[in-house]
Structures are given as C-alpha cells and as structure tokens.
Amino acid sequence: MNKQLTSTFSGSPRSEAGADALFGEGAIAKFQRLSNRAMIYMLALTMVTVVGFPLFWMVISSFKLPNEMYLFPPNFLPAEWTLQNYSDLFTQTSFGLYFLNSLIVSVGATSLSLVIGGLGAYSISRFRFFGIAGFSRITMLCYMLPEVLIVIPLYIYVVELGMADTLFALIIGNTAFTLPLTLWYMKSYFNAIPASLEESAMIDGCTRLQAFRKITLPLALPGLIATGMFSFNHAWNEFLFALVFTSSESNKVLSLGLATWIGQDNIYSWGMLMASAVLVAIPVMLFYLLVQRKLVTGLADGGAKG
Amino acid sequence: MASLEIRNINKVFEKHKAVGNIQLNVADGEFIVLLGPSGCGKSTLLRMIAGLEMPTEGDIIIGSRVVTQLPPKDRDISMVFQNYALYPHLSVYENIAFPLRMRGWKGSKLDEKVKWAANMVEIAPLFERKPRQISGGQRQRCALARSLVREPSVFLLDEPLSNLDAKLRQSAREQLRDFQERVGLTSIYVTHDQTEAMALGDRIVIMDSGSIRQIGTPQEIYEQPADTFVATFIGTPPMNLIQGENFITGFRPENFMPESFFDINTSLVKVPFQPYRAEYLGDEKIYYGATRGPFFSDRVIARVPNTFKGTIPLNEVSTFAVPEAGLHYFESGETGKAVTRRKSEPNANAREH
Amino acid sequence: MSDSASALKGDRFIAYCTLLPSALILLLLVAIPTVLVAILSTQEVGLGEHSGPFVGLSNFIDVLTSDTFYRALVNTIIWVFGSVGLDMLIGTAIALLLSKTFFGRGIARAIVLAPYLIPTVVAVLIWKYMFHDIVGVLNYLLLKVGLIEKPLLWLTSANTAMLSVILVGAWKFFPFVVLALLGILQAIPQEQYEAAKIDGASAWQQFVKITLPHVLPVFLLTAMLRTIWTFHKFDIIYLLTGGGPLDSTTTLPVLVYQKAFVDFETGNAAAIAIVTGVILAFLLGIYFVLIKLAEDKQ
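Those protein sequences? They're chains A, B and C, same order as listed.
Take 12 as the starting number for the first sequence in our numbering and just add one per residue.
Take 3 as the starting number for the second sequence in our numbering and just add one per residue.
Take 4 as the starting number for the third sequence in our numbering and just add one per residue.
Don't read these hints as lab results, they were simulated from the structure.
Each hint should be verified, as a subset may be incorrect.
[What the hints assert, rightly or not] Derived DSS-like pairs (lysine-lysine); straight-line CA-CA distance at most 25 Å:
{"id": "1", "chain 1": "C", "residue 1": "Lys-103", "chain 2": "C", "residue 2": "Lys-200"}
{"id": "2", "chain 1": "B", "residue 1": "Lys-108", "chain 2": "B", "residue 2": "Lys-132"}
{"id": "3", "chain 1": "B", "residue 1": "Lys-115", "chain 2": "B", "residue 2": "Lys-132"}
{"id": "4", "chain 1": "B", "residue 1": "Lys-132", "chain 2": "A", "residue 2": "Lys-225"}
{"id": "5", "chain 1": "B", "residue 1": "Lys-115", "chain 2": "A", "residue 2": "Lys-225"}
{"id": "6", "chain 1": "B", "residue 1": "Lys-111", "chain 2": "B", "residue 2": "Lys-132"}
{"id": "7", "chain 1": "C", "residue 1": "Lys-295", "chain 2": "C", "residue 2": "Lys-212"}
{"id": "8", "chain 1": "A", "residue 1": "Lys-41", "chain 2": "C", "residue 2": "Lys-200"}
{"id": "9", "chain 1": "B", "residue 1": "Lys-108", "chain 2": "A", "residue 2": "Lys-225"}
{"id": "10", "chain 1": "B", "residue 1": "Lys-117", "chain 2": "A", "residue 2": "Lys-225"}
{"id": "11", "chain 1": "B", "residue 1": "Lys-339", "chain 2": "B", "residue 2": "Lys-311"}
{"id": "12", "chain 1": "B", "residue 1": "Lys-169", "chain 2": "B", "residue 2": "Lys-287"}
{"id": "13", "chain 1": "B", "residue 1": "Lys-19", "chain 2": "C", "residue 2": "Lys-12"}
{"id": "14", "chain 1": "A", "residue 1": "Lys-225", "chain 2": "C", "residue 2": "Lys-12"}
{"id": "15", "chain 1": "B", "residue 1": "Lys-19", "chain 2": "B", "residue 2": "Lys-339"}
{"id": "16", "chain 1": "B", "residue 1": "Lys-117", "chain 2": "B", "residue 2": "Lys-132"}
{"id": "17", "chain 1": "B", "residue 1": "Lys-287", "chain 2": "B", "residue 2": "Lys-272"}
{"id": "18", "chain 1": "B", "residue 1": "Lys-272", "chain 2": "B", "residue 2": "Lys-311"}
{"id": "19", "chain 1": "C", "residue 1": "Lys-103", "chain 2": "C", "residue 2": "Lys-212"}
{"id": "20", "chain 1": "C", "residue 1": "Lys-200", "chain 2": "C", "residue 2": "Lys-212"}
{"id": "21", "chain 1": "C", "residue 1": "Lys-103", "chain 2": "A", "residue 2": "Lys-41"}
{"id": "22", "chain 1": "A", "residue 1": "Lys-225", "chain 2": "B", "residue 2": "Lys-111"}
{"id": "23", "chain 1": "B", "residue 1": "Lys-17", "chain 2": "C", "residue 2": "Lys-200"}
Assemble the whole structure, with the sequences as input and the hints as a guide.
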C-alpha cells in the first residue's frame with residue numbers, strides 16, 4: 012500500500028503540530044470531521060428539498076381554493092386552507108368510481124399473481140423434474156418485452172374474445188405482466204426456507220401439500236407481502252393496458268381517468284387534479300410504509316439453524 | 003420399536019450411481035452407525051429409509067411391513083436433521099406437539115405425551131420459547147423430544163452433532179447414547195466422524211462410493227478391517243500400509259514401537275526406523291519417518307507412549323518392531339481386501355532400495 | 004439452491020400441477036402474442052381488422068425508409084441517454100450520500116424514494132402543473148432568481164419539450180438507482196476500509212481501490228436495466244406530451260402506439276415494434292460486453 016499519508020484535507024506534519032499547540036490535540040482532525048459532517052447535512056438537505064419539492068407542491072396546492080391556483084406569482088402556502096377540491100372530486104366527477112375500479116383491478120391482479128405465482132415459484136424452488144429449471148430461465152426473458160409490443164396482440168385477443176372494455180381483461184393483463192416478477196422473487200424466497208423443514212413435517216405426518224400449508228406458507232408470508240406490494244403497485248399505476256382495453260366511463264381506472272382530464276387541459280380544475288393526485292398516491296405510499304417494517308423482520312425469525 | 007431390513011437397495015441419479023446393492027439387517031433396539039466420507043451415499047441411504055427418496059431398486063422393511071412405496075408419514079419413523087429442522091414459527095411446546103397433532107391427538111392426552119417427551123431431555127422449562135430464542139444444545143434436545151413423542155419404530159439421525167461446537171459435542175454425544183438406551187429405539191445414525199461412530203454404535207456400517215465396505219462392531223472394524231479403505235479410515239493416525247511384491251502389509255502406529263518396549267516373549271518383526279519429525283501430544287509422541295528392512299517405506303507413523311523412557315533420536319536409525327499378531331495383509335490393487343497370509347507364501351514386502 | 008431436493012411419490016404430479024397455471028398464462032399471454040406480433044409484421048392489416056394478406060417484408064421496408072421512423076429513433080436515443088444518464092448520475096451521488104450515517108437519514112431515504120413510488124399519472128400531473136407556462140411555479144422561481152427573462156414553454160415548445168420530458172423521467176426513476184447502489188455500498192465489508200486506513204490510504208484511494216471495484220458491476224447492471232425500461236417507456240411521454248409538439252417527443256414506443264391504435268396500421272406497428280426489439284438487443288449486447296470486462300478486471 013502506498014505509504015504517502017495524503018488525505019484530502021491534511022496539511023504538512025509541521026502545520027498540524029502548530030495547530031495542535033494552539034487549539035489542542037487532534038484539532039485539525041476534529042475540524043475535518045465536523046466540516047465533513049456539515050457538508051453531508053447540507054447536501055442531504057439540498058437533495059431532499061429538490062426531490063421533495065414537487066410532492067410538497069402537489070399536497071399544498073390541493074388545499075388551495077380554485078382561484079388561488081392561478082395566481083402569479085403563486086402563493087407558497089394557501090391563503091385559505093380548504094377541502095373543497097377533495098369534496099368536489101367526489102361530488103362532481105367520477106373519481107370515486109375510478110378509485111373503485113382501480114381497487115378491483117389491483118386487488119384482483121395481485122391475488123391472482125400471488126396464488127398462481129406463489130405455487131409456481133414453490134414448484135421451481137423445490138422440484139428438479141424435467142423442464143422446470145428451463146422454464147424458470149425463460150420466464151426472465153419476459154421481463155425484457157415492452158408493453159407496447161405485447162399490447163397489440165393482446166388487444167386482438169381481447170376483442171375477439173368479447174372482453175373488450177371490461178375490467179376482467181385488465182385483471183388478466185396485469186396478472187400476466189406481474190407474474191414473472193412474482194415467480195422470480197418468491198422462488199428466491201422459498202429457496203431461503205430450508206427444505207428440511209418440509210421434510211421434517213412430512214416425517215411428522217404431513218403430506219407435501221400439508222407441509223406447504225402449515226410450515227412453508229407461514230414462513231413465506233413476508234415475501235408474499237413484498238411481492239404483493241409490487242404487483243399492487245404495478246396494477247394501480249398501469250396505464251397502457253387500461254388505455255387500450257377499456258373505453259367507457261364506467262370502466263375507467265384512475266390512471267386512465269386522470270389522464271383524460273389532463274388531456275382535456277381543464278384549466279379551471281387544477282385544484283381537483285392536485286387533490287386527485289394526492290388521493291391516488293396515498294394507497295401506494297401507505298402500503299409501502301406498512302410493508303417496510305415487515306420486510307425487515309423477514310427471515311430473521313425463520314430458519315432452522317443457529 | 004422394530005427391526006429394519008434393507009434389501010438390495012440401489013439408487014441411481016441420472017447417470018450417477020449413488021448407492022449400490024445395499025443389504026443390511028438391523029435388530030430391534032440396535033444403534034447402527036452409517037460411517038463414511040462425504041459423498042459415500044450414507045445420507046442418501048438414510049433418506050431412502052425415511053422415504054424422502056425413492057430407491058431405484060430394492061426394498062425397505064420395517065418390522066414386518068414393506069414400506070418402500072409408502073410416504074414418510076406412514077412409515078412410523080422419526081428423524082433428527084443436521085440443522086434440527088425445528089419449525090421457527092412454533093414454540094418449543096408446539097414443535098414437540100406437532101407430530102401428535104397431525105395424528106389428531108388433542109387435549110390432555112396430547113399434553114401428557116408432550117410433557118413426557120420433554121422431560122426425557124429436560125427441556126420442559128423452555129416450552130414457551132421459540133427456536134431462535136434457545137441455544138444450539140437446547141435446540142438439539144427439542145428435536146430429540148419431537149422425534150421421541152410418537153415412539154416410532156425406527157429413529158433416524160443425520161449428523162445431528164456436527165453443528166455443535168467441539169466442547170458441547172462430547173457431552174451431547176453422551177446424552178444422546180444415554181437417551182437411546184433408556185428408550186430402546188432402533189436407531190440409524192449417519193456421521194463422517196469416526197470417533198463419534200466408534201463411541202456410539204453397537205455396530206458400524208462403513209461405506210464408500212455407494213457401497214458397504216464392512217459391517218461390524220467397533221472392535222471388529224478396528225481389529226479386523228475388511229479392506230484397506232476401512233483400515234485407513236478408522237484409527238487416528240491411520241494404519242501404515244506398505245506395498246510389497248504380492249501383498250500390502252499393514253500395521254497400526256500404536257503397534258509400532260522401539261524393540262525394547264515389548265515384552266521379551268512377544269513374537270516380533272524387527273524394523274529399522276529413521277524418524278524425521280516428532281510431535282509431542284502430552285501422553286504420547288508421534289513419529290514420522292522412513293523404514294528399511296522387511297518393510298520399505300518413506301512415510302511410516304509410530305505412536306510411542308511417554309511411559310517409554312528411552313530416547314528416540316531424530317534422523318538416526320533406531321530398531322523398532324511390530325508384533326506379528328499386529329500385522330494385517332491386504333490384496334494389492336483396487337479392492338485391497340483383507341487376506342490371511344499363509345506361512346509358506348513369500349514374505350509380503352521387499353522392494354529393495 | 005434449496006439444501007436438498009426430496010422426491011416423494013406423487014411429487015411429480017404436484018410439481019407440474021402447481022406450475023401449470025403460470026406456464027399457461029405466460030404461454031398464452033406472452034409467448035404466443037410475441038409470435039403473433041412477428042406474424043402481424045408480415046401482413047397488411049386494414050382498419051378494424053385483425054389479420055391480413057401476407058406481404059413479406061414490405062412493412063419492414065416501409066418502416067426503414069420512413070422519416071417518421073428515423074425521427075422517432077433519434078428521439079428515443081436522446082430520451083434514453085438523457086434520462087438514463089441523468090438517473091445514474093444523480094442516483095449514484097445520492098446513494099453515496101445516503102451511505103453515510105447522519106441524523107435524519109431514514110426520513111431522507113423515504114423522501115428520496117417517493118418519486119418512484121407515486122403513480123406515473125400523478126407525477127405527470129404535478130409536473131404539468133409546475134411546467135405550466137403561465138401559472139407554473141418553475142417559471143416563477145426561475146424568473147425570480149433571474150436565470151430566465153421570460154417564461155419557458157416547457158412542454159409546449161418543440162425546443163424544450165424533450166428536455167422537460169427527460170427531466171421528469173430522471174426525477175421519477177432515479178430512486179431505483181439509489182436503491183440498487185445503496186444495497187451494494189452497504190454490503191462492502193467495513194474491514195476493507197479500516198485496513199486501507201491503517202495502510203495510509205486517502206479517501207480518494209479508498210474510493211478507487213475498494214468502493215469502485217465492488218460497485219462497478221452493479222452500476223453497469225443497473226444502467227442496463229434502466230436502459231431497457233426507459234427504452235420501452237410509453238406512459239410517461241404519452242401523458243406529458245402525447246408525442247408532440249411536432250413529434251419532438253415521439254419515441255419508438257409512442258410511434259408504435261400511434262401506428263397501431265390511431266392510424267390503425269397494425270402491420271406497420273408490429274414491424275416497428277420488432278425493429279425496436281432488435282435495436283435494444285444490440286444495446287444490451289454492448290452492456291453485456293462492458294459488464295464482462297468489469298467483472299474480469301476484478
């Protein structure tokens with residue numbers, strides 16, 4: 012290792028000694044540490060401000076009165092805090108309906124993805140029969156395909172099967188899209204649960220399926236929750252499939268509904284748009300905050316070894 | 003409790019023959035150890051007895067039932083895994099109760115049995131804890147209690163002591179054997195540690211590369227090894243093997259000592275020995291050296307107890323000896339099977355140097 | 004790998020049965036459609052129809068000789084390099100920052116993650132409002148500080164539209180880079196830094212000799228993933244500008260959508276989609292080579 016003691020901030024040994032004499036020992040090192048700290052805090056603050064500003068702006072604007080939205084120069088805090096935008100959202104628009112539709116599609120796609128993907132992942136993790144490993148690898152390729160490519164033939168399917176303009180088509184489409192991720196993630200998760208636990212259960216009196224239900228599943232719960240969150244998030248935000256598969260007002264999901272409003276350039280309802288933005292963002296943020304805790308405990312609880 | 007018979011078992015994985023032609027009869031209540039190096043097939047054999055693998059050929063018979071096609075849960079066996087396989091989300095009590103619950107046991111009947119099993123290994127005070135909250139030794143006892151609670155016909159153990167640190171291993175070994183004797187379970191124990199095998203087993207089954215090399219009591223295995231593999235696997239340091247013209251001669255280091263050490267009446271074969279290194283081990287010294295004379299070799303090991311008061315200078319030739327009774331003979335070549343040497347045959351040795 | 008693969012009687016049946024639904028879904032909804040697209044690209048598909056007469060490679064020829072395609076290709080390249088470049092830059096810097104411990108780090112992390120979590124629609128809404136030429140807060144701030152003299156037409160001018168879109172893209176997706184790099188930064192064993200300090204290494208030397216070799220493969224992998232996903236991105240651009248103004252933000256995915264669902268030239272759209280895939284495969288090839296080099300250097 013290079014014997015040069017050249018750290019970014021150090022001076023020559025003589026000046027250090029001088030400073031030590033004046034300010035006490037190790038003064039320069041201490042000063043370096045403090046200025047490092049200060050710089051970090053400053054950078055962190057800048058970063059948080061810059062990144063967080065749009066979100067701050069969104070929330071703040073949602074509480075402003077409609078006419079306040081068009082002030083130039085704009086107010087940074089509402090002159091008058093109001094919930095009018097929120098109430099208008101539910102009374103004057105189909106926002107409530109969109110919200111419900113999104114919920115149906117997201118919950119539906121997430122459940123299907125978890126059940127189908129979870130079982131499939133278990134199979135890939137535990138069994139070595141012909142074709143299983145190969146299938147697992149091919150699945151990863153699916154991730155490389157763009158939505159735009161898939162949506163064309165899927166649209167043809169949907170129309171030919173008479174499923175055009177249904178939420179069902181969206182549920183299936185989103186399940187298909189989140190399935191590869193579920194398979195991959197849960198496979199890793201199952202791999203981390205020792206197979207000997209299931210073997211022990213089978214010796215203790217379970218069939219393989221009973222062992223899966225009583226032993227593996229409870230231990231895989233954190234992983235399922237994490238995957239579920241990803242799937243929910245994806246379905247909640249998904250736009251292209253909704254755009255292509257559905258058209259009527261009653262079947263619109265949030266992403267599509269909001270998009271139509273944007274497209275219409277409704278200058279007079281920015282307040283409602285901001286309110287809708289807040290409401291659409293909340294479930295996902297909440298979900299994430301809740302899941303964060305669970306994710307940490309994870310398999311620290313589980314495992315049979317020391 | 004029941005007897006176990008392994009008849010003609012073969013297991014082939016794709017192109018690889020893991021286990022071939024295994025025959026074994028285990029008596030009711032016997033403690034059998036499957037011993038061998040990694041990859042010898044001992045774990046595969048154990049798992050086939052358990053029902054976790056299906057044999058390609060052959061049968062497993064427990065008591066009078068042919069269980070080969072039965073799933074593990076119907077074989078009336080229990081198993082302790084290397085990592086204990088305790089259910090992490092269940093308490094110690096529930097872990098032990100699990101096998102009974104699967105059979106539909108409930109209420110006070112269940113409770114009594116769980117307590118009985120727990121008391122056998124003194125783990126009752128830990129009932130409410132979860133596996134991650136107890137120590138390695140305690141987990142092992144919990145696994146034992148869980149295996150015991152159903153009073154199975156056959157008890158299987160897959161290297162259950164290898165996860166314990168050395169100190170704990172010794173006392174755990176004692177407890178284990180004690181436990182087995184008290185309960186009288188027919189047990190099959192897998193290990194690669196020969197000290198463990200010798201200490202625990204009624205009989206030892208030594209395996210290598212998928213086949214059985216020898217079955218015998220510890221004494222039989224040690225004093226009458228069936229081939230060179232067994233001869234060198236058992237015993238630390240391993241038996242000295244010297245290739246001669248027609249045979250391989252073998253003698254154990256503890257039988258190879260200075261001539262003056264032996265009693266006058268013992269029939270000896272004298273061997274000049276020049277050690278190049280000595281290790282002091284407290285109660286004995288181990289010498290590594292070369293021999294000339296009847297057996298030529300560059301690496302022979304001798305174990306000399308420190309009760310021997312003479313000096314054995316390094317890099318000088320001393321006269322050592324082996325009692326005739328301590329000589330073993332083996333076929334040259336692959337098998338290295340043990341043979342008895344007829345007095346008339348040319349002496350098995352002698353590459354002149 | 005699971006520690007042991009037991010195989011009981013009846014396991015084979017269970018194995019295939021549990022895998023069947025996944026296999027079916029992926030076959031029907033991903034594999035077969037991909038083949039369908041290939042087939043469609045060789046057909047002349049009319050308005051409202053779902054298939055048409057075979058026309059060989061004429062769709063591809065049309066595509067590769069059309070100006071719109073090349074304009075879209077250029078836009079896509081600008082979009083990808085701009086957005087991913089900015090992503091990786093900002094993401095790396097912030098990851099390095101967040102790898103140091105300081106009070107409030109948890110909150111900082113949560114806030115930094117937010118853009119990635121919120122729906123694309125929401126991000127688009129916010130930024131559209133902020134970009135608004137008359138009432139948008141961005142123009143207000145820039146005017147106040149004196150960086151510009153008159154309000155910028157962020158999304159409504161062909162000159163600045165792509166820039167604005169890149170900005171939003173970077174803001175939305177840089178947290179992914181932060182997450183990925185934070186993961187590896189925190190996995191580097193502290194002992195290596197301590198040993199280096201004892202040997203007298205400076206902060207810069209520590210970075211080059213210890214941090215970089217660990218981080219580089221992950222960095223490249225993340226860049227590769229970001230490239231794939233950014234290349235295929237449809238919704239953020241479509242929602243922000245619809246591809247305009249004057250096609251200045253029409254990237255290949257947007258073009259495919261327009262051709263398929265606005266112009267109803269399905270055969271053409273399929274051909275463009277396939278060409279897009281080929282171009283991307285080429286880009287990926289470059290990444291793989293880079294990653295291989297980085298790993299070999301280790």
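Outcome of the hint check:
1. C:Lys-103 <-> C:Lys-200: holds, 17 Å
2. B:Lys-108 <-> B:Lys-132: holds, 21 Å
3. B:Lys-115 <-> B:Lys-132: holds, 20 Å
4. B:Lys-132 <-> A:Lys-225: Roughly 16 Å separates the two Cα atoms, so the pair holds.
5. B:Lys-115 <-> A:Lys-225: holds, 22 Å
6. B:Lys-111 <-> B:Lys-132: holds, 23 Å
7. C:Lys-295 <-> C:Lys-212: Holds, at about 19 Å.
8. A:Lys-41 <-> C:Lys-200: holds, 17 Å
9. B:Lys-108 <-> A:Lys-225: Holds. Lys-108 (chain B) to Lys-225 (chain A) sits at ~17 Å (cutoff 25 Å).
10. B:Lys-117 <-> A:Lys-225: Status holds; Cα separation ~23 Å.
11. B:Lys-339 <-> B:Lys-311: violated, 38 Å
12. B:Lys-169 <-> B:Lys-287: Holds: Lys-169 (chain B) and Lys-287 (chain B) sit about 24 Å apart, inside 25 Å.
13. B:Lys-19 <-> C:Lys-12: holds, 20 Å
14. A:Lys-225 <-> C:Lys-12: Measuring from Cα to Cα gives roughly 20 Å; hence the hint holds.
15. B:Lys-19 <-> B:Lys-339: holds, 22 Å
16. B:Lys-117 <-> B:Lys-132: Roughly 17 Å separates the two Cα atoms, so the pair holds.
17. B:Lys-287 <-> B:Lys-272: holds, 20 Å
18. B:Lys-272 <-> B:Lys-311: holds, 20 Å
19. C:Lys-103 <-> C:Lys-212: Satisfied, since the Cα-Cα distance of roughly 18 Å is no more than 25 Å.
20. C:Lys-200 <-> C:Lys-212: holds, 12 Å
21. C:Lys-103 <-> A:Lys-41: Distance ~17 Å between Lys-103 (chain C) and Lys-41 (chain A) Cα, so the pair holds.
22. A:Lys-225 <-> B:Lys-111: holds, 22 Å
23. B:Lys-17 <-> C:Lys-200: Distance ~53 Å between Lys-17 (chain B) and Lys-200 (chain C) Cα, so the pair is violated.
Hints 11 and 23 from the list above are not met by this structure, while the remaining hints are.
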